[in-house]
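Peer 1: First to last, the sequence lines map onto chains A and B. Everything in the first sequence is counted per UniProt numbering, starting at 1 for the first residue and increasing by one. Everything in the second sequence is counted per UniProt numbering, starting at 1 for the first residue and increasing by one.
Source of the hints: derived by calculation from the structure; they are not laboratory data. Just so we're clear, the structure is a prediction, and the values are computed from it rather than from any experiment. Misleading hints may appear alongside valid ones.
Which copy is meant is left open, because identical chains are indistinguishable; a pair holds if it fits in one copy or across any two.
Straight-line C-alpha distance at most 20 Å; calculated SDA-like pairs for lysine to any residue [unchecked claim]:
#1 Lys183 / Met1
#2 Lys294 / Asp150
#3 Lys3 / Ile28
#4 Lys132 / Glu165
#5 Lys183 / Gly223
#6 Lys108 / Thr296
#7 Lys183 / Thr225
#8 Lys107 / Pro300
#9 Lys107 / Arg158
#10 Lys294 / Leu267
#11 Lys107 / Ser302
Protein chains: 2
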Amino acid sequence: MQKITLQEVVTRDGFQIEEQFVTTEKKIELINRLSEAAVDKIEVTSFVSPKAVPNLSDAKEVMNGINRTPGVTYSALVLNLRGTERAAECGVEEVNLVVSVSNTHNKKNVRRTTEQSFENFQEMMDYLSSTKMSVNGTLATSFGCPYEGDVSEDKVLRLVDQYLELGATGITLADTTGMATPKQVFELSEKVLKRWAYLPLALHFHNTRGMGLANVMEGIRAGVTRYDASLGGLGGCPFAPGATGNVCTEDLVHMLTFMGYEVGANLDQLIDSAKYLQDVLGHEVPGQVIKAGKITDLHPISE
Amino acid sequence: MQKITLQEVVTRDGFQIEEQFVTTEKKIELINRLSEAAVDKIEVTSFVSPKAVPNLSDAKEVMNGINRTPGVTYSALVLNLRGTERAAECGVEEVNLVVSVSNTHNKKNVRRTTEQSFENFQEMMDYLSSTKMSVNGTLATSFGCPYEGDVSEDKVLRLVDQYLELGATGITLADTTGMATPKQVFELSEKVLKRWAYLPLALHFHNTRGMGLANVMEGIRAGVTRYDASLGGLGGCPFAPGATGNVCTEDLVHMLTFMGYEVGANLDQLIDSAKYLQDVLGHEVPGQVIKAGKITDLHPISE
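So that you can see chain A by itself, here it is in the shape it has in the complex (with noise of 0.2 Å):
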């Protein structure tokens, strides 16, 4: 069976909507704990405005905290290049730029046009192409809007365009608020992936109406082996009204576990992760395995 590659957001995208601060010690602790789970990919902060994203304001604290496990990317959202540069200053391995591909979403996340957004990255290109930085491209609301509705995938195909032009090498198609469909999916990874089939194309689901590993075995089924997910199905994003959690992880690794998949990361480490993170943020999350257990979880008989 194929290799499916795990890329871990709860610290940037679960955490960033968080009401309540989550410690910097506790931080580097739960991404200590995700590396030595192994996966593929942590996204562990995001060099914003700490005005703006309060939650993440100890970027760099926790950057420099953490222990790099090989194996493991460690990349950080930026939208500008100041945030860059300091994104560069801390060993960051890979950033991750957004623009979203609805104008309207675009403008109420980052002030600006999705075309300001795309002279904004030359910039950022500039000075990143002077690092050993690789830069990954995300499309925000690739499957709808939750202000403008349907998105056309003609325009999603024309900003992949133009991060590969400008020197990504990674796209990931992110689902922000939750409405794509798996038919949705399917057809729109499949063109992407016939248009540029060595891309390393990545989704990123969110469970808002319940079809996020619906989504994902559409996404498989198309020929995309990289996966999103928030441990414990913690995240949403603060400009999306109404959005409940991202696709959770341990709950992502024991279906793909279970049907044969080979995921790097370790799942019980996950789900003893998983307890972890409810402890530090003292409420439930959104995640299903860690309360019914794992399907090999069996009952004494006598019970």
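For chain A, the structure is supplied; the task is to place chain B on it using the hints.
Peer 2: Coordinates of chain B only, in the frame set by chain A:
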């Protein structure tokens, strides 16, 4: 696109494990709403011992109190001859028999071996042949047993055969405690439909580990067009430790509708009914679309 048939089980599978008794009047009101929403079949109640399932002790009053809508089939679960006779007296159109593929689960559930259940079914079928009621045979734990673990596909096929020999005209493979993976669903469904190409085969999933909708997608891919679902995602089996809800009706219809499948049931009426259900129960239900809204529920740009 294909027509997908929807079989609603909330007032049976959902209510049987509710802590509080739902009044007969409210059960009738909910079933009438589901009929108006045009689901294809409603498993109204069970005619079982009121001691075993006190929440369904008003089976007769509920069956006699509901409005019958043409095009909707009204079924009930029965476990013995007495229950079957009671069902007939109330004008039940289809009885649903249940046996677990796993011997251990069957003993826990009905204090009989699998073979003893089938002996018992013979007696019920002798009576049923004198009535107009049709017979559906459900195989619980078709995808795994919480006590025994893996179940044999050969045993599932053998029990389908036994049901058909008895005279059942429909079969349901039930994932009683949410152990099925999408891969397993595809493979077992394909095997059953390969052997009995025209069999009215239904799948009954629980979302215990988040795989519910992914399992439906793989069932559809294998050619299965009938699905059980429970409004609000309510449900579980009192004899299956740790189980949470069934596949959620409105989440399922939401997904299928936006993929272009023909679903008789009306999504908006189902969402309204799920909200009514929540009011009746006085607690949240696991369904996600009632929280997040439909993917077409856009947000004003000025927000």
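Peer 1: State for each hint whether it applies.
Peer 2: Structure-based check of each hint:
1. Lys183 / Met1: between (23 Å within a copy, 12 Å between copies)
2. Lys294 / Asp150: between (37 Å within a copy, 13 Å between copies)
3. Lys3 / Ile28: neither (28 Å within a copy, 51 Å between copies)
4. Lys132 / Glu165: Classified as within; 18 Å inside a copy, 69 Å across copies.
5. Lys183 / Gly223: Both: 14 Å inside a chain and 16 Å across chains, each within 20 Å.
6. Lys108 / Thr296: Result: close only across copies, 19 Å inter versus 45 Å intra.
7. Lys183 / Thr225: Intra 17 Å, inter 16 Å, cutoff 20 Å: intra and inter.
8. Lys107 / Pro300: Between copies, since 14 Å is at most 20 Å while 56 Å is not.
9. Lys107 / Arg158: within (19 Å within a copy, 60 Å between copies)
10. Lys294 / Leu267: Answer is within; shortest intra-copy Cα gap is 9 Å, inter-copy 32 Å.
11. Lys107 / Ser302: The answer is between: 11 Å across copies meets 20 Å, while 60 Å in one copy does not.
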